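**Student:** Make a model of the complete structure from these sequences and hints.
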Amino acid sequence: MPVSPTDDELKDVLKVLRSENPILGVTKLQTRLLAEHPDWSVSEKRVKKLLAAENLLAAPPPPKPGKASAGKGLVAIEDIKEGEDVWKEDPFIIAPECRGERIHPLLCPATNPASIPLLAFARRLEWMACHAAAQCIALVLIAHEQGRQSDLDESMRFLGALAQMGMEERWKAVDHSGLEPDRKTWKTAHTLTVQAFHAPPDSQNKKRLLKILRKPIPDDLAKNLFDFDSYLQALDRMSLNLEAHGGIYMLHSHLNHCCTPNLSVRHFDIKTAIARITIRAKTDIKPGEELLITYVNPELPFRSRRRELTAWAFGPCACARCVREEQEEGERGEENNFPVIEEELKHGLGLL
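Under the UniProt record's numbering, the first residue of the sequence shown carries the number 1, and numbering increases by one thereafter.
None of these hints come from the bench; they were simulated from the model.
Treat the numbers as computed from the prediction; the structure is a model and nothing was measured.
Certain hints may be false.
Said to hold, decoys possible - Result set (EDC-like, lysine to aspartate or glutamate): computed pairs, CA atoms no more than 16 Å apart in a straight line:
(1) Lys48 <-> Asp7
(2) Lys282 <-> Asp79
(3) Lys81 <-> Asp227
(4) Lys187 <-> Glu154
(5) Lys282 <-> Glu82
(6) Lys49 <-> Glu9
(7) Lys49 <-> Glu20
(8) Lys286 <-> Asp85
(9) Lys72 <-> Glu36
(10) Lys45 <-> Asp7
(11) Lys72 <-> Glu290
(12) Lys88 <-> Asp202
(13) Lys28 <-> Asp227
(14) Lys48 <-> Asp8
(15) Lys11 <-> Glu36
(16) Lys187 <-> Asp229
(17) Lys28 <-> Asp7
(18) Lys49 <-> Asp7
(19) Lys81 <-> Glu243
(20) Lys15 <-> Glu36
(21) Lys11 <-> Asp79
(22) Lys282 <-> Glu84
(23) Lys286 <-> Glu82
(24) Lys72 <-> Glu289
(25) Lys48 <-> Glu82
(26) Lys286 <-> Asp12
(27) Lys286 <-> Glu36
What the hints assert, rightly or not - Simulated DEER-style distance windows between Cβ atoms:
(28) Met1 <-> Ala222: 23 to 33 Å
(29) Phe158 <-> Phe228: 49 to 59 Å
(30) His267 <-> Glu82: 40 to 50 Å
(31) Leu57 <-> Leu210: 22 to 32 Å
(32) Leu210 <-> Arg183: 39 to 49 Å
(33) Ala222 <-> Glu328: 38 to 48 Å
(34) Met156 <-> Gln327: 40 to 50 Å
For each residue, glycine too, the CB sits at the ideal point set by N, CA and C.
**Tutor:** Here is the structure:
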């Protein structure tokens, strides 16, 4: 018969669980707790109360003062030594090249033939953001179908919190390049996504889809997933937050850019979990310092880095290295007139 642990016993276990799962919500943390201690009886309300009392509720750290234009950001709360592994993280979704991976039933051509045109389209354009958006939509729809409301809510909160500008707004920030956004490609991606997951034009494919998704999709969820403007925002979130190997990571997505980063993102578990990333300290980091990675190759010269960073549309990088190198090269602000790299736009924005 389940027993109720003392507060001290419960606090000790919750501290360990929180250190191992820094971003899990109360519901999922309680699930982990009961899985590890099946002989315990602990309510979600009690877990939440003790987490609050011990200041263990999951919440993103406050942004570093004085950087109003920066993203969400993460800061150190204790000393971190150079070479220390700060955390390891598995992807929320993974959208690498479209071959040889495990995929959702909704993205399996055998079970959902309506997805074939979408997958072929993303593969032909080598557009990871389009593929990643499809993975996220499939994940949300399967969670709804299986009645996993807490997973559905947590997924929607995470996706909604990802940095984004909107495709049109983002393009306005870089339209000095002289290129035009390929809106036709965006519309094609949206149409194929709706046909893959919501309204296949072929009656046979529609029957196959209804075998996977038997529950009606609520109007508000359908709007969030399939409205054109919402879809453009989803594409932009994927473009801005995809790690180089095609993954979206909950904590990693909070990290801001610096051309002299104090963290590196590594793929060490190649044989067992190639998508798992390890965040390793490149320097000693003091409490209160922001944790930073680089979005581009830090070995590139100043002008090349700034051109590549235009794709993130957060303005010229003003890190100490860029300021110093700009002064040394005497650029005087003219670097903003360089065109956006075509390859970055193709992969991130779906442009010709």
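**Student:** Now look at each hint and say whether the structure bears it out.
**Tutor:** Going down the list of hints, with the structure as the test:
no.: 1; hint: Lys48 <-> Asp7; result: holds (12 Å)
no.: 2; hint: Lys282 <-> Asp79; result: holds (13 Å)
no.: 3; hint: Lys81 <-> Asp227; result: violated (46 Å)
no.: 4; hint: Lys187 <-> Glu154; result: violated (28 Å)
no.: 5; hint: Lys282 <-> Glu82; result: holds (5 Å)
no.: 6; hint: Lys49 <-> Glu9; result: holds (14 Å)
no.: 7; hint: Lys49 <-> Glu20; result: violated (19 Å)
no.: 8; hint: Lys286 <-> Asp85; result: holds (15 Å)
no.: 9; hint: Lys72 <-> Glu36; result: violated (33 Å)
no.: 10; hint: Lys45 <-> Asp7; result: holds (13 Å)
no.: 11; hint: Lys72 <-> Glu290; result: holds (11 Å)
no.: 12; hint: Lys88 <-> Asp202; result: violated (43 Å)
no.: 13; hint: Lys28 <-> Asp227; result: violated (30 Å)
no.: 14; hint: Lys48 <-> Asp8; result: holds (15 Å)
no.: 15; hint: Lys11 <-> Glu36; result: holds (14 Å)
no.: 16; hint: Lys187 <-> Asp229; result: holds (10 Å)
no.: 17; hint: Lys28 <-> Asp7; result: violated (19 Å)
no.: 18; hint: Lys49 <-> Asp7; result: holds (11 Å)
no.: 19; hint: Lys81 <-> Glu243; result: violated (24 Å)
no.: 20; hint: Lys15 <-> Glu36; result: holds (14 Å)
no.: 21; hint: Lys11 <-> Asp79; result: violated (24 Å)
no.: 22; hint: Lys282 <-> Glu84; result: holds (8 Å)
no.: 23; hint: Lys286 <-> Glu82; result: holds (11 Å)
no.: 24; hint: Lys72 <-> Glu289; result: holds (14 Å)
no.: 25; hint: Lys48 <-> Glu82; result: violated (35 Å)
no.: 26; hint: Lys286 <-> Asp12; result: violated (26 Å)
no.: 27; hint: Lys286 <-> Glu36; result: violated (34 Å)
no.: 28; hint: Met1 <-> Ala222: 23 to 33 Å; result: violated (45 Å)
no.: 29; hint: Phe158 <-> Phe228: 49 to 59 Å; result: violated (22 Å)
no.: 30; hint: His267 <-> Glu82: 40 to 50 Å; result: violated (20 Å)
no.: 31; hint: Leu57 <-> Leu210: 22 to 32 Å; result: violated (40 Å)
no.: 32; hint: Leu210 <-> Arg183: 39 to 49 Å; result: violated (32 Å)
no.: 33; hint: Ala222 <-> Glu328: 38 to 48 Å; result: violated (54 Å)
no.: 34; hint: Met156 <-> Gln327: 40 to 50 Å; result: holds (45 Å)
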